Amino acid sequence: MFEVVAFYLFAALTIVMFVITVMSKNALYAMSSLAAGMIFISAFFFLLDADFLGVVQIIVYSGAVMALYAFAMMFMDTTKEVKENNPPKRIVFFLSGMIALLLVLILLTPIISDKVKALYPMSDEIGNTEAVGIVLFTKYLVPFEVAAIMLLVAMIAGIILASKRMDESITLKIDQEIEQKGAE
Amino acid sequence: MITLTHYLVLSAILFSIALVGVLRRKNLLMLFFATEIALNAINIAFAAISKYYGDLTGQMFAFFVIAIAASEVAVGLGLLIIWYKRRGTIDLDSLQTMHG
Chain A
1 MFEVVAFYLF AALTIVMFVI TVMSKNALYA MSSLAAGMIF ISAFFFLLDA
51 DFLGVVQIIV YSGAVMALYA FAMMFMDTTK EVKENNPPKR IVFFLSGMIA
101 LLLVLILLTP IISDKVKALY PMSDEIGNTE AVGIVLFTKY LVPFEVAAIM
151 LLVAMIAGII LASKRMDESI TLKIDQEIEQ KGAE
Chain B
1001 MITLTHYLVL SAILFSIALV GVLRRKNLLM LFFATEIALN AINIAFAAIS
1051 KYYGDLTGQM FAFFVIAIAA SEVAVGLGLL IIWYKRRGTI DLDSLQTMHG
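Chains A and B are the protein sequences, given in the same order. Each residue of the first sequence is one higher than the last, beginning at 1 in the numbering used here. Each residue of the second sequence is one higher than the last, beginning at 1001 in the numbering used here.
Everything labelled a hint here was simulated from the structure, so no lab data went into it. Accuracy of the hints is not assured; some may be wrong.
[As the list claims (entries may be wrong)] Covered stretches of chain A (chain B as the covering partner; in silico rule of three or more C-beta atoms under 8 Å from a C-beta of chain B):
no. : stretch
1   : 27–41
2   : 89–98
3   : 148–162
[Stated by the list, open to error] Label pairs and their in silico Cβ distance ranges:
no. : chain 1 : residue 1 : chain 2 : residue 2 : range
4   : B       : T1097     : A       : V146      : 31 to 39 Å
5   : B       : L1079     : A       : G127      : 37 to 45 Å
6   : B       : T1097     : A       : G127      : 51 to 59 Å
7   : A       : M74       : B       : T1003     : 41 to 49 Å
Computed from a predicted model, the values in this text were never measured in an experiment. A virtual CB, placed ideally from N, CA and C, is assigned to each residue, including glycine.
Bound conformation, chain B alone (with noise of 0.2 Å):
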């Protein structure tokens, strides 16, 4: 018998897989990609408190997540976009401006 906490095991795994992305890659489109994971592994969470309690807020919150992903991912990409055109590279040390 599946119970919620297998379904939240599977997001805390899931969440530190994009944890991992997020830390050890220097390319910021895998960053992107890692976040997506993260927001993904939020929404199993979501669901299955929802299921498990009988309750549709979970789910609402899921549906806003996605909102807020969906728009991150636009503006993310056209600045993402603007900095290759200006720098010609996505590595993240790029961005290390003021670095002294």
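Next up, chain A with everything else stripped away, as it sits in the complex (with noise of 0.2 Å):
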């Protein structure tokens, strides 16, 4: 009963919340929006007993990549509307439907679900925190390590495009000048 009564109520706010993103004119309601659509979609993760994955999705999502945008929207005159010329929206949502439908349809069929086997099946004597790390540090040491050294690239990817003519002010100084200089 309690787990009906949190799927459809989370269900519910993550859709609301979500279409005000997508919808939202303003650039700061839309972020806003995103993280406390966030937040709740870490509710289904704890629903399906996957805790150490609702933890990194509040950790990851909701403090890190929302800090992120929410310093590149201070670079940038998020107030300035920016002018959207949709095309015929009939097409759009007719296309956008269509899709999701084939998707239900697909989601829909009975797979090959009868013949799945667990690879690794949860056990009840230890905890899911324990048993992903017993997993991800035997099975998917490699793909880890590969994780790892492609956040360390983003990182310094990130840092180095960001941080370029950092010293020049983009809101005082028209933008000629700035390539002028950067072109010395």
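Put the complex together from the two separate chains, hints included.
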């Protein structure tokens, strides 16, 4: 009973938040509702007994990713409206609806579900975090290290890209001056 | 009773919301937001399948998706800031430099 109530409550909240994100004209509102939606999504992970994943979701998305977006928005004039001369909306909604329908049909099809065997079965003896650690550091050790290197590369790339000509004020000077300075 | 299908349908709905966002927005920052939504929708599906088949592999994939999303944001926002410094706009149409 608790699970049903929680599922529908958080499903409604998540969908509302993400619709606001997609439809809002104001970038700040979109970012705030995106952060809220990320928190609500972590509730699903807790419902699904994936405790560690839920904690990581809160830390990484609502903590790190949202902080990055907030910093990036300080560099740009986000109050300036981006003109959206949209194509006829009917086509967009038709295409999205058809793709969503296709997705639902694919997912509803009873796949090979009966024949699926658990490679790394969950056990009740050890907690989720411990089980995740055991599988991550045995079977998925190499992908884990590759992901670590990828994050390092992304961090260095982000620093280098964003810090280029950081000493120039981008709000006080016009763009051409900055361009000229960069060309010298 | 909540079954696997409930979670998968929810995931598909969230994914299509993200798809609408990618298709109808011209603001590059909004495209990034929509991408995040899509990745999260997939993560829900992974976690749900992991639970209902009693297998941890789905959660492992979700972890790697989160790692990829984080690095995508770092590099993407760096590029976006450079583009804004050069052009003063984050309009998607300003990327059309090869337009004849």
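Going through the hints against the structure:
no.: 1; hint: 27–41; result: holds (count 7)
no.: 2; hint: 89–98; result: holds (count 6)
no.: 3; hint: 148–162; result: holds (count 11)
no.: 4; hint: B:T1097 / A:V146: 31 to 39 Å; result: 34 Å, holds
no.: 5; hint: B:L1079 / A:G127: 37 to 45 Å; result: 40 Å, holds
no.: 6; hint: B:T1097 / A:G127: 51 to 59 Å; result: 53 Å, holds
no.: 7; hint: A:M74 / B:T1003: 41 to 49 Å; result: 44 Å, holds
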